[in-house]
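One line per chain: the protein sequences are A, B, C and D, in this order.
So in the numbering used here, the last one in the first sequence is 480, and the numbering has no gaps at all.
So in the numbering used here, the last one in the second sequence is 960, and the numbering has no gaps at all.
So in the numbering used here, the last one in the third sequence is 1403, and the numbering has no gaps at all.
So in the numbering used here, the last one in the fourth sequence is 1846, and the numbering has no gaps at all.
These aren't lab readings, by the way, just hints derived from the structure by calculation.
All C-beta atoms, glycine included, are put in the ideal place defined by N, C-alpha and C.
Mixed in with the good hints there might be a few duds.
As the list claims (entries may be wrong) - Selected chain B positions facing chain D (Cβ under 7 Å, derived; list incomplete):
1. Ala-502
2. Arg-563
3. Ala-564
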Amino acid sequence: MTSSEKLSIEKSVPGRRGIWFAKASRPAADWLPHHVLRRVPPRLPEMAESEVVRHYTRLSQLNYCLDTHFYPLGSCTMKHNPRANEEVAALEGFAAAHPCAPETAVQGTLEVLFRLERLLCELTGLAAFTLQPAAGAHGEFTGILVAAAFHRARGDRKRKEILVADSSHGTNPASAALGGFAVRTVASRADGRLDLDALRMALGPQTAMVMLTVPNTLGLFERQIREIAEATHAVGALLYMDGANFNALMGLAKPADFGVDILHLNLHKSFSTPHGGGGPGSGPVGVQARLAKFLPVPRVVEKNGRFKLQTRCPGSIGRMRSFAGNVGVILKAYAYLRGHDALRLRSVAENAILNANYVRARLKDLYPAAVDEPCLHECVLRTEPEKMNGLKTLDVAKRLLDHGFHAPTIYFPLIVHEALMIEPTETETRETLEAFVSALRAIHAEALSDPEKVKTAPHDLPVRRLDELAAARNPNVAWG
Amino acid sequence: MTSSEKLSIEKSVPGRRGIWFAKASRPAADWLPHHVLRRVPPRLPEMAESEVVRHYTRLSQLNYCLDTHFYPLGSCTMKHNPRANEEVAALEGFAAAHPCAPETAVQGTLEVLFRLERLLCELTGLAAFTLQPAAGAHGEFTGILVAAAFHRARGDRKRKEILVADSSHGTNPASAALGGFAVRTVASRADGRLDLDALRMALGPQTAMVMLTVPNTLGLFERQIREIAEATHAVGALLYMDGANFNALMGLAKPADFGVDILHLNLHKSFSTPHGGGGPGSGPVGVQARLAKFLPVPRVVEKNGRFKLQTRCPGSIGRMRSFAGNVGVILKAYAYLRGHDALRLRSVAENAILNANYVRARLKDLYPAAVDEPCLHECVLRTEPEKMNGLKTLDVAKRLLDHGFHAPTIYFPLIVHEALMIEPTETETRETLEAFVSALRAIHAEALSDPEKVKTAPHDLPVRRLDELAAARNPNVAWG
Amino acid sequence: MYSSHTATDREEMLRAIGVASLDDLLAQIPGDLRAAHFEWPPALSEPELMAHAHALAARNQPLACFAGAGAQDHFVPAAVKALIRRGEFLTAYTPYQAEASQGTLQAIYEFQSSICALYGMDAANASLYDGATALAEAVSAAARITGRNKILLPESLHPEWREVLKTYFGAKGEPVLETISCPTGRLDVSAMEARLDETVAAVVVATPNFFGLLEDAPVLAERAHGRGALVVAVADPVSLGVLEAPGHWGADFAVGEGQGLGNPLNYGGPYLGLLACRKAHMRHIPGRICGLTTDADGRRGFVLTLQAREQHIRRERAASNICSNEALCALAATIHLALLGPAGLKEMAELCLDKAHRLAEQAAAVPGFRLCFDGPFFNEFVLECPVPAERVRRALLKRGLLAGVPLGRYVTTRKHSLLVCVTEQRTEEECERFVAALGDFAP
Amino acid sequence: MYSSHTATDREEMLRAIGVASLDDLLAQIPGDLRAAHFEWPPALSEPELMAHAHALAARNQPLACFAGAGAQDHFVPAAVKALIRRGEFLTAYTPYQAEASQGTLQAIYEFQSSICALYGMDAANASLYDGATALAEAVSAAARITGRNKILLPESLHPEWREVLKTYFGAKGEPVLETISCPTGRLDVSAMEARLDETVAAVVVATPNFFGLLEDAPVLAERAHGRGALVVAVADPVSLGVLEAPGHWGADFAVGEGQGLGNPLNYGGPYLGLLACRKAHMRHIPGRICGLTTDADGRRGFVLTLQAREQHIRRERAASNICSNEALCALAATIHLALLGPAGLKEMAELCLDKAHRLAEQAAAVPGFRLCFDGPFFNEFVLECPVPAERVRRALLKRGLLAGVPLGRYVTTRKHSLLVCVTEQRTEEECERFVAALGDFAP
Ligand SMILES: Cc1ncc(COP(=O)(O)O)c(C=O)c1O
Ligand SMILES: Cc1ncc(COP(=O)(O)O)c(C=O)c1O
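Could you build all of it, start to finish, from the sequences and the hints given here?
Given below as structure tokens:
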């Protein structure tokens, strides 16, 4: 019922206040020299609480979200965010804990950190975890620094290269570069898996690490992962697994068994913590035992039922950020995992896989699958412009919004032309999937009967298609 | 972005679960005889948590609410609900308190009850308050029973009649009838005030009480209230003030000074507790000292800084409901009042009055005021069908919804033809009022240029005009 | 700051109104009726207010709750809390403008339906203040419907509910309330029959009753009907996960305290009055009722209906004076029931039943203690103590346990009786602590 | 239950897919790579989970917090909490489909604008992980822009932030970090000038610095610019309610930890990395940026923009690897700043300043205690204790006070120094308790 909203600053009226404080006993000028004091007050909106509440409530209603819409964003695992998680994380005892409080005063939080690390170890088969990374990309960077430290510790300073699959997420090469490595891309085969021969060709004494996404961004399992691991290890390199797609393996398989040395998980994906419109996330990193000492500080340790933070860990790559991690997110993931036993964990993966295959099976006649075989947690389909009056994936995606569905991820992975990457997750019902399928089928029909309608979509949203080029050409990024 | 939603039961799928519990050690049949056990399970929806969250989130979006829309419902005082109030009431210490806990274990809650009673006494000038009534009407009923007890205690059993103004809220006569009284209606004068002569005519030894709304439902102060009180008291009757419109008097005047004997307040109106789509409310009743002993039990009393609940109070009318009152609501009103000092309290009333007069002044050329003089917290305007192509208040109200405003109260008070009763409250900004004025002016113009558009409104809401007659003729009130 | 006007706003608005000062707008309030002075504490800023509230809340003692007596410590799922605090529900008014309130209205329809399903009835309203006032309203409707004037109330009904009925009908003098004593803790069929005459409008049958016991409801209902009286059932909605629904054993009206469905204890309120009835009586019940209808385009929609019963239309001839009700508590119950479904409700009820029976067994095995009454019960029972129950409660309080409600509070002859309630929330450990603490009183 | 499929669902879906069993779908995972067994605790139902969580949370000690060092106990208004937990914000993804995400996007635009206003800058991004990583990103951008390779870090910068920079750049070996010692607690202008050469890409100026002290920022900036180096300011956003904005004293980049704006302490995260810069550098900063544009009908709308900087487009040549950020924390800050406005922020900052200075005076007046450093400070100060600071902290802990952060944790030579922080949250009574407790250590 809302269609647009002024900016907060446009609602500002001098003198209005949304919150006030008791008066200070003395003004700033009494305590500080004049020259350090602010001359011009910041141009912030002046609004009453009532207006602030109304403004942001209305803004919120201009959003699609998981709580209102199916959100089949491939690679993002937009599963339901159980509300109990939120309540756990908000408990005053957890929320009010200062990160420099002595360990005796924060045993509850430390116990959660410790226990979650153990649960993640069990889930993945790896020996040690750090919960410090703030997101997946941060976890990748952490893993890359661990690899660098590992090679350095062995005196091996020639490993300057990291290999990534051409289907990998952009953060993989970007993180590798951030770590100071040269990035070499390895091609995928027509079946969507890494080309083992190409990998073997690329591997050498210069290779520090191979980064692989499992299942990969096509929703497929790297069948030859054992061989990949062996080849990688044979040249003295490490195998990194991007575990952002871990939903497909939850309770089914332990990556340590694949030969993986380092992996990151995305708690804000597979572990049901909400995405918040872009974050916060949490990207724990797990490693095999021989790499544990390189993990960042602080480390949580237990001794006789008491928990401590260790900051002096010889070998550690150091600190990746301030303090111990995104504890508010970590608490939610811990709550989520404790709601499961081994059987339920497994059904997470099973139902995620079932749902992806269901969508794939019901759509592949109109939107062919990038690779024609069962997928795991997500399927990558293609739009065929030649059979749809020239309409492209972007058009289909925008039209889906009119049909009441968030669009899938599009144009990713980069190796698939006109990709529609659909990840339903296990928490969606068959009815929802079927409605989504119907919408995509209806759009296919619309493409033939009324292509203009599709091309100019969306029609029923707060705004129509937005001019991204103009935005980038003359950036207006603040009200100034 | 949502327009309608299936019923929960229509989304039900056998076997789905939104919450589960640990298993009982033994089934019910082990503890209870077979014949008391339920044979057919209740037909409740079976849904996953994800579906329940999505269902009710979507439903919520089919609503207008104060957090999204200006809600100028006359007589309802839809002012902003400060969010701190909600947080106060939800504090675990308050929320978890059992009503039968011994007083030593609930000193915090009892202190709030006690303090709020004292604050309300100070605000109104009355001697004693009960917080037990669950809403305004419940407060009226309480006050009426107090009056009955008062007369009975004096051995005066002939007072069978209660006088109410013709402009009064429907709950006034209904409450009087519930108390076993005959109801006699007293007319208002053309200036919207009670006709003092008519009142004098009606008063007599049979009169138990006069119920007056101050300011009345036309938003006007009963200028002759002192005379009314005197006349009432002269025949031995009591004066009741319906204080649901107390927002206009907050910090400005004390009803005890008017000669009022009994009054109720609506915490869910003047005291900023949210309305919740219909409740819960809270309708405290205050009385002059000589009536205090008749108030319902339990009563909160203080002794040496300790608080107790008194249940044995000779003279009390008894219990109006279970336990001490709608404590969750009471906490919010207490929080609200503590955010004010005397000056701020007064500005509540002042700004409420300012806003109502602003709207009145800006609209009265097109929508004449029922009484042509400044109003207090609300103004009652009229639609003139003869100047609007025959369109009525109902049409204007429905069309307002399309313009992004909740409609005012309509066809009330009953003594005004085609009434539009507008109460902006003090928390609305001038910009909002101005936008509202513009909408009403625009609708007036539409009535001339495109009456059909107005007559068939709303057009932009989840549904169009609903068939109320059909609903009442063949009631379908449950999915069965 | 809650008011939003700045000084400039006020000036400009006064100018637009055409008056010189605010005082001009207040002219109608005679000067001598204005108050010059309010004794008022200084305003607390939000941080100060929260600190003050935290300090007050901390003066309430956290306790493991074994008290019931009309208010039970049931689990409130996080999703319930999260959804009912959405502004769109929380800050909406009663759905007077149906087209702008379909969310609230549909939720009410779902509430009514869920309550009907639970109680085995055909119609329900959008909620009443609490269980006690719901009973008053039901009894009053029964009198109207039957044209009879007497209500039979068993002693096994919550004494405070009986008090509420007395308050409600005392001044008016009708209907007349007659209490049937229940020495065994249950309503005896012949004791009831003895009082049944053609002036009896309704018999109230509470099951589980105040003592937690289950009444012989089908028989009671059959006999009452035999004499033309209506039967008003009182039943805890949670118990209906395992117990037969009132509509199925013959009740004409069913009422209950709905707090246990998604609402916290809150020291007694806001709670949730449930009222359901058979179709025939639908036009006699009080309060808001939501009905299904269609819009101008034939689409399904919801409206408040049967308003001719209500005060704003009928004034002194209305079925009741109720206006604002407990909508948000009803929404909490609706959402909770949708989360539970029939299986979840059963699971929850079975846990209550099981835990209560285990504790009853263990407590009664402590020397000096015994169960006061025989007969099947749900999740409350009366424990007879070797010392005044008040002493037992005080002792357990020191161990962080709210042991129950001493019945001496209601009946002077029952000073040694403790009404104990066990919900799904009570842990094994808490129950063990409870039993261990009783041990101190063993002779 | 989080998965919604019933057994029937699964069967029917398998049939629709055309496979006999789920195992057929798993065929691509070689059998020997499946895990047969997980050592996993039993599943907790929601009530059990909440009980477990409450028990854990209760193992954290509630304390009046006088600790800062990069995380401060500021008040979070109720409206902030209520609004950020709305599902429409909480459960949305990064706004990839702009038309369906205008709410998130506009809020980001408002966030960027508010941060620019606070810091006196032209552009800001949608948030980074925290203050420390924001500094790493800014420094890295400065090196890219200037083509120079050295960063000067004062010792007065948070030691853990310096550690983060070392971790970030250590493996790559660039930019090179050089620390300037600050024996007076502040960055000495001539000490900085001595290190300034044409290889210096940026000088980091933290003010208030780690010790709470204000640097002579304008002079430092002027000298750095004189040698062609950029200036990266680090500043607590709350302090900017009273202190001059970095953009106004000459900084080219400004970063800060935004936690204090509407986000709870949360034992260290999620926090909020702020990064703002002058217009000229806009295309060099990392992370999401929201820009204003128009739609096909010419209406205003918002999109993610300048994406050519980002990893999903540029991959290994991207400005940074960041993808998910701290959007919801940024939203909290945006809403908080809208509630505060310039006047509220000033009031809050003045309270912090005032309370800190009063406590500093009183603490330094306790025999044996003194302030470690001279010079103006905001709301943190270093208290030199007559005994190891760790002992003071332990003693105050027993009185429910978290006295501060002992600096021995960072610098072995500073075992007697306690970094104390006072926010608007600390009451008179708590401060008095603090001072009284120090009295125990007076010689
Ligand atoms: C496969 C994959 N890897 C890595 C990432 C990066 O994770 P984050 O956004 O948490 O930094 C993502 C997230 O989009 C992803 O899908
Ligand atoms: C003037 C007046 N009196 C009484 C009432 C009844 O209050 P409640 O709805 O809380 O029972 C109202 C509420 O609508 C009212 O406006």
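Verification of the hints:
{"no.": "1", "hint": "Ala-502", "result": "holds, 5 Å"}
{"no.": "2", "hint": "Arg-563", "result": "holds, 4 Å"}
{"no.": "3", "hint": "Ala-564", "result": "holds, 4 Å"}
Comparing the model with each earlier hint shows no violations; every hint is respected.
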